[in-house]
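Number of protein chains: 2
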Amino acid sequence: MEILALILGLIGFGVAVALYVKIKAEPAGNDLMVEISEAIHAGAMAFLNREYRILGIFVGAVFLLMLLSKMGYQTAFAFLGGAGCSMLCGFVGMKAATRANVRTSEAARSGGQAKALLVSYNGGAVMGLSVASLGLVGVGIAYALFGHDPVTAKYINGFAMGASSIALFARVGGGIYTKAADVGADLVGKVEAGIPEDDPRNPGVIADNVGDCVGDTAGMGADIFESYVGSIIATIAIAAAASPALLAQLGSGDNIQSMAMLLPLVLAMTGLVFSLCGIFSMRYLKERDPAEALRSTTLIAAGLFLVASLLVIWAMGISLGVFLAIVAGTLGGVAIGLVTEYYTAGGPVRRIALASKTGPATNIIHGLAVGLESCAVPVLIICVAILVANFCAGLYGIGIAAVGMLATVGVTMTVDGYGPIADNAGGITEMAGLGPQVREITDGLDALGNTTAAMGKGFAIGSAALTALALFSAYSTTVGLEAINLINPLTVVGLLIGGVLPFFIGALTMTSVGRAAGKMVEEIRRQFREIPGLLEGKEGVKPEPEKCVDISAKAALKEMILPGMTAVVAPVLVGFILGKEALGGMLAGATLAGVLLALMMSNGGGAWDNAKKYIEKGSLAGEKKGSDAHKAAVVGDTVGDPFKDTSGPAMNILIKLMSVIALVIAPLLI
Amino acid sequence: MEILALILGLIGFGVAVALYVKIKAEPAGNDLMVEISEAIHAGAMAFLNREYRILGIFVGAVFLLMLLSKMGYQTAFAFLGGAGCSMLCGFVGMKAATRANVRTSEAARSGGQAKALLVSYNGGAVMGLSVASLGLVGVGIAYALFGHDPVTAKYINGFAMGASSIALFARVGGGIYTKAADVGADLVGKVEAGIPEDDPRNPGVIADNVGDCVGDTAGMGADIFESYVGSIIATIAIAAAASPALLAQLGSGDNIQSMAMLLPLVLAMTGLVFSLCGIFSMRYLKERDPAEALRSTTLIAAGLFLVASLLVIWAMGISLGVFLAIVAGTLGGVAIGLVTEYYTAGGPVRRIALASKTGPATNIIHGLAVGLESCAVPVLIICVAILVANFCAGLYGIGIAAVGMLATVGVTMTVDGYGPIADNAGGITEMAGLGPQVREITDGLDALGNTTAAMGKGFAIGSAALTALALFSAYSTTVGLEAINLINPLTVVGLLIGGVLPFFIGALTMTSVGRAAGKMVEEIRRQFREIPGLLEGKEGVKPEPEKCVDISAKAALKEMILPGMTAVVAPVLVGFILGKEALGGMLAGATLAGVLLALMMSNGGGAWDNAKKYIEKGSLAGEKKGSDAHKAAVVGDTVGDPFKDTSGPAMNILIKLMSVIALVIAPLLI
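Heads up: the protein sequence lines correspond to chains A and B, in order. Everything in the first sequence is counted per my numbering, starting at -11 for the first residue and increasing by one. Everything in the second sequence is counted per my numbering, starting at -11 for the first residue and increasing by one.
Derived by calculation from the structure, the hints in this document are not laboratory data. Where hints are given, some of them may not hold.
All copies of an identical chain are treated as equivalent in the list; a pair is satisfied when it fits inside any one copy or across any two copies.
[Unchecked claim] When the alpha-carbon atoms are kept at most 25 Å apart in a straight line, the in silico DSS-like pairs for lysine-lysine are as follows:
1. 345 to 546
2. 178 to 345
3. 345 to 619
4. 507 to 345
5. 613 to 345
6. 542 to 530
7. 612 to 507
For reference, chain A alone in the conformation it holds in the complex (with noise of 0.2 Å):
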């Protein structure tokens, strides 16, 4: 069966690159606009190498440390792997986009609509595709090797710890980039010289472009790619500890931990199977309203993976209990996206948009109540997914329906992808000059990638919470304790310390975003003193962005190693200072609230920045662009950057990375 992920992971890889050969062949249009791109693709490509030089020395010492341990050099080697193939995601994802951005503008402008949806679909379908099957053949090999003895299988885990490394680095150090100038960029252009966005006269543009390619793309992906894989690696360690009362419970057979612990691979092939088909109706979908066929594509793929897993739990002689638990994971998954368009679109948007008119002191305080009431419905549909997913199948139950959640990520992340590269077609179509009639295209596309990305970023948290869930229910188990008990007073102090830790890691990411858009705010108004006739877009005047580009990614690289290694250092001192129970209550705190602040801060975020919107498209009575109410609201915008796209989506990151960790060193726990 391991041979099968195997080889539907190659196709599915084989899939993303013929994709990507096939939008580098589209037109890339005029020389002004490949010139932009080029910039966009040199910056990006740079800054993912430097990145990469940096994570390649933290992965080797770490790498050496797990040689050295008691822990087999097998997790060594997997986790190895499980960092390399987050970090070919990352820079086959980045590739496509980069060569996406510029080809959906060109698509616009030369064929309408649905082309340039294509365009931009594909190019998100490169990343989607890849997570998915890099996700398979990597857990594939790590199951050929060690999974059919419970005992080795904890090998597996290291590839979960690598690809979870990764993405905490990538995540902070993407987000800490695109905020840093975007923040920069519109503090300075719009607010302050009176600009539009993506003005070609603004230094700080292209990096914001490339901001949004190694954040919303490289960093959503290594997220992701982590919970998918983390997901069912946590389950395959379940099964492998299990109790024989919670075997009786999955099904009667005799091979039945065997078929526990084959199942998530088994159903995250069938999800890169439908996501395929998924993909590949958006060739029919795409001359249709572009939000019906972007959900149509998720909805394809979600109804049929669920109608064959049904499917393979039979043949496989499962309980039906383990289908419902499927079940519980993926309609939570559709919920809580749908929770989040309501805060992030809704009423709540209007609330703000309506504070605004008082300022932005009042804008502020209500976008704060906002995210933090936001994070109840979520949080409660979680609770119930956890109590139908125990009551089915116990703490099988929960693993399996994060799984459940995270199968068709090859259609969900593409989607995902999307955004990004209709952002950056966006600004392409401004500083190309190409016109209103394009802009009006793009800019629907654009604002449609608004919504994918905050219904991504809520189901980037259900499924995180459920994966960190899933591997703290392995890490209990591996460790073999009986009980994580809240009487005992270490349990309390780890559970405070764990709660402390995303707090700590909100505060450095938004401290490290204000300091690096504080440096961008005086480059660019450098830039507009010094060079003469920049401001004013005298011909032939350019601006210097390669300044900007240069303290963003400096900014990033330098301030994303204080809290990844916080995330990875203090769960190894917790577990060996004061005890695996100790530990437990910290990944249960960190858990807690990092979920909480990752909810409060990504919904407040999309709520602040379509509050805006809402008052640019005049749908506020008496306020337009440039009136009060509309500069309170930017305010409240620029607040909220950081929030959704650096600190908020760094919390889904540390909590399973933290778990990660300790389901690794569990074993030096006992």
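Go by the hints and put chain B onto chain A.
Only chain B this time, still in chain A's reference frame:
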């Protein structure tokens, strides 16, 4: 011994009343001053009356429910007693504050700084002594009736629940009142109209001053009263349900259980005696630097208390480990206060001030980052205190550490109560036009009050955290759980629900303030527009402050219901539907998230406030009052207002209230 507690408590309350009479005998200044202070007094008392009428209905309904339930009529009557004592504290403290404020102004005018310091300090002492002595009287009576038998000791818990219920409504209602008025008055007065703070032309100023009394005096008093009573009662409950192993750790005498049950009460008595010493030492310290004088009164009381508690423990035949737990609690409280001082007066404040140069958005980003960052060290301090206390005296140690932290509440609460009186005195001095010399004295006392308020908040959070953990331990001991097991998904669900509640209540209270402040803004704008000559300061033209007072009061009373009821109902629902273990998880989750949010909001808010003051003082090169950086800092200060004075403090009470309700319903869950 309880008789002695009763007598001591009555003596303490007698001293409070005597101080009040003495304050009233002080001269109240000229007619204008009397008029202004009467308006504040009338507004505050009218609000308290309306609030208490609503709370009367709530208390009556809960009392009836308790009578009908199986928890025993004794619990119901203890509940009434706790609620009554808390309300009486609020009433007495408010009376004293609204009399001492104008007399502080007058003392500053006619007698100078030392005299003004003594009057405002004594005003605070009425509140401080009321809290300490009424707590002692109430718990003393309850102990005399039920404390001699570990079986009936559970009835005492009702007293803590009564105190907690009142505290939540008082804190939330008072917090909404004060910030709606403050934010509204500042937004129109300082930002739009450009008139100074506390300018008599501003119709919102009286409401703002009333708010200082109802929020910072009555609200803070109810908060600390709850911690004080809660920590004593939790420790009694832990001792009453202690295992033989725990008792053996506490001492070797035959009567060790009754001694352990009695100790919290004896410590409270000791603390009250030395609080009186501390308070009276102000007579001899008043000529010194006010900051030093305030600090000295606290240190005198705490030092003498520690020495005496060592003797008490030795005399009662209790193990020295218990003394070390008390030391851990006391030092922990001091350390948290110092960290709070750093974050609200040190480097982070300069960081925020500097970030104001690039506008309100970066000011907010850095302020939020400071708030998030400020959680780390206090939580680690709490962890160390837990580890030490638990090592020295088991779960009992955690309870007694909280008692140690709170024993000298008479004097710490005096210093807290001093703050709003000095603040009010500053307002009255400005409104009555007493001139720059007097203003300098009251401004100095007011600024000092800001620092004591920030440190008091840190202390309130630290003590709330320890009290909540003590109550949590008492709950798990009483309900007879061997483990609150995080591997059980039901516990995880409880943890998640508990964690989301502080976020939800934070959202409700922030929204309430935003909404009420919006109404206040409209009313003040209307008066400036419609009352001819008001803004120009024409002779004889007066604003209509009573309309603003009414808006604040109505909003506060309406908006306090939902958060209050949520906190009361949630633990009952979870306990009866999901069971006692899930309820334990819920308490842990609520405590974790509540402490983190409380720290973030209080410290972030304090730092924003002082960053604004830092710029106003001219400490940021090139910036001054009215500059763009200052305007940006005012936005941050306005956002920080509901953070530090409404939502943040509500968290303290929320976590204690939920724990105490769990403790009270524990017998029904067994």
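Results of checking the hints against the structure:
Proximity of residue 345 to residue 546 under the C-alpha cut-off of 25 Å is restricted to the inter-copy arrangement: shortest distance 24 Å between copies versus 39 Å within a copy. When the C-alpha separation of residue 178 and residue 345 is checked against a cutoff of 25 Å, the pair qualifies both within a copy, at 19 Å, and between copies, at 17 Å. In the homo-oligomer, the alpha carbons of residue 345 and residue 619 lie at most 25 Å apart both inside one protomer (10 Å) and across protomers (17 Å), since each shortest distance falls under that limit. In this assembly of identical chains, residue 507 and residue 345 lie within 25 Å of each other by CA distance solely across copies; the values are 12 Å between and 30 Å within a copy.
Taking CA atoms no more than 25 Å apart as the test, residue 613 paired with residue 345 passes in both settings, with 13 Å inside one copy and 24 Å between copies. Taking identical chains as interchangeable, the C-alpha atoms of residue 542 and residue 530 lie at most 25 Å apart only when both belong to the same chain, with a minimum of 23 Å there against 59 Å between chains. Taking the shortest Cα distances, residue 612 and residue 507 sit within 25 Å of each other only across copies (23 Å), while inside one copy they are farther apart (30 Å).
In summary, this structure violates none of the numbered hints.
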